[in-house]
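Chemist: As a plain string of letters, each chain reads:
Protein chains: 2
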Amino acid sequence: MSDLPLKSYAALQKTFGADIGGAANRKAIGDVYRRSLDFLKNAKRENLRSLIPGKDYFAFRIGDKLSRAVNATQFIADERQWKAFDAAVEKNDLSRFTPDQLTRIIYSVAISFCCYIDLTKSRDQKTPGTFFEYLISHLFAWKLGVNPTTRIQVLNLDMDTTLPTDFIFNLGKDRPKFHLPIKTSTRERVIQVWAHQRVLDGVFGTGRFLGTPVILAETKTDAVKREVIEICLPDQWRIYQMHIAQLKRIYYLDVPATYVKLNDVFPPITVKSFGHFFFEADTLSA
Amino acid sequence: MSDLPLKSYAALQKTFGADIGGAANRKAIGDVYRRSLDFLKNAKRENLRSLIPGKDYFAFRIGDKLSRAVNATQFIADERQWKAFDAAVEKNDLSRFTPDQLTRIIYSVAISFCCYIDLTKSRDQKTPGTFFEYLISHLFAWKLGVNPTTRIQVLNLDMDTTLPTDFIFNLGKDRPKFHLPIKTSTRERVIQVWAHQRVLDGVFGTGRFLGTPVILAETKTDAVKREVIEICLPDQWRIYQMHIAQLKRIYYLDVPATYVKLNDVFPPITVKSFGHFFFEADTLSA
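Going down the list, the protein sequences come from chains F and Y. With the working numbering as the guide, the letters of the first sequence map in order to residues 277 to 562. With the working numbering as the guide, the letters of the second sequence map in order to residues 277 to 562.
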């Protein structure tokens with residue numbers, strides 16, 4: 277039954293676009309999580325040597341295949357957590373959760389399916405990446421109460437064209453619009469996120485789009501040495517934030533130790549765990 | 277003897293950094309070209325159905341493996357062309373060549389090694405990409421008379437760090453500096469090129485670095501249908517040129533039909549075949 281999580285994923289994929297923030301997608305995401313956990317019960321947990329201060333990691337193993345690194349503190353192998361979250365979302369009341377609890381639950385959903393794919397496919401980065409897009413864009417759409425688009429019309433004197441974008445949430449007149457890039461990791465490709473923000477600022481005016489990328493993690497595992505590191509480029513981020521565009525928030529499901537320090541430099545770059553989004557979304561434009 | 281081009285490539289790789297614009301590298305590049313041509317003599321040429329107006333393409337085939345698309349008009353399977361170029365470079369006099377002749381010669385060197393790798397490796401994009409970087413950065417370094425760096429120091433109030441960059445050629449005081457990204461193709465990743473230019477403009481001042489990316493081609497082959505298309509995003513390029521930064525030239529070895537038209541829009545984006553570089557390098561800053 278090793279294809280059950282993939283079947284749930286295919287079902288999610290089929291219906292996802294109908295109502296991105298809707299309850300049906302939340303149910304389908306829950307199915308993927310439950311079946312991924314079932315699958316991972318048969319995998320061995322292998323501790324990794326973490327070179328990141330204060331963070332412990334393991335990987336799942338089946339035979340020759342080793343999954344990506346899993347943050348031991350962040351990972352919850354318990355479907356009931358998602359069910360509690362699901363019930364709270366249904367009542368539109370997350371007040372009984374802390375930001376860190378929410379981050380752990382959402383991290384667990386994402387990483388369990390990623391690890392399932394790592395253990396059953398070869399070099400498949402696309403499926404985990406697309407699932408992560410589904411998960412995060414669904415949660416944004418639910419929270420903001422509006423479904424996203426991924427194209428935007430550009431009218432500019434003698435030019436009328438549409439620009440493909442990351443997820444864009446248009447909350448209507450006199451309210452902020454959100455620009456949401458979603459990545460499982462960024463490395464040197466991260467400059468694209470700032471560049472897209474720059475284009476939106478340039479075409480529509482600075483401040484109209486709040487750039488709030490959501491990233492899973494920046495870990496990298498050396499499979500031979502069984503070591504985990506985080507690949508971070510904090511000085512480059514500062515240069516991008518000063519010279520390309522300003523991102524409002526950078527949310528992580530597993531916040532890299534190095535990037536936490538960017539909250540303290542000047543000008544600051546605000547890096548937070550994703551759970552905070554649910555409590556600050558309404559006030560981010562202020 | 278199917279590993280001979282790779283051996284020549286390894287030899288080039290070993291000595292490349294010693295004097296990037298030097299004659300030894302030109303000789304080593306010639307070896308790679310000659311041995312790649314020898315290898316390709318044993319491959320079949322298979323015509324592709326070109327969906328690009330006015331351009332014909334074929335691919336090399338050995339058994340199951342099909343190479344990338346080769347522009348039939350641009351490709352010269354004759355080592356003597358490179359030898360003539362080499363002799364002219366030695367005398368520092370390219371006046372007997374037209375820009376299009378130079379483009380064809382350099383295209384042929386690049387594409388023959390790329391096709392060799394396509395036919396002998398699986399999914400190896402890195403080796404052709406690195407060889408193309410060697411080829412183009414060598415030619416730039418020879419023409420400009422200075423070797424490139426790929427890091428630059430950023431001093432900014434309380435910040436002192438180095439920024440990794442594409443190839444940077446510093447011609448000294450009161451002369452332009454060149455910012456040279458080198459890519460075998462760009463697609464949607466091209467926004468990085470404009471973003472890096474923006475960072476250089478922001479950190480050092482607009483106009484100090486001339487952005488002159490060199491790109492091999494934008495073809496994409498459908499191996500099943502045997503069709504070739506070019507993937508071009510002209511409207512996005514215009515938006516990037518207006519809102520991120522200004523690139524001075526975009527050079528191609530096989531200029532995409534769609535991008536030629538960007539020379540005629542306003543504001544223009546100057547897209548040319550790479551051979552022009554050798555005749556306009558000295559006047560580009562004007």
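Treat the hints as calculated values from the structure; they're not laboratory data. Be careful, since some hints might not be right.
Unchecked claim - Some, not all, of what chain F presents toward chain Y, calculated at C-beta under 8 Å:
1) Ile328
2) Pro329
3) Asp332
4) Thr437
5) Leu439
6) Val466
7) Val475
8) Gly478
9) Val479
10) Phe480
11) Gln512
12) His519
13) Tyr535
14) Leu538
From the three backbone atoms N, C-alpha and C, an ideal C-beta is built for every residue, glycine too.
Chemist: I'd like to know which numbered hints this structure contradicts. Please list them from smallest to largest.
Modeler: The structure breaks hints 1, 2, 3, 6, 10, 13 and 14; every other hint is satisfied.
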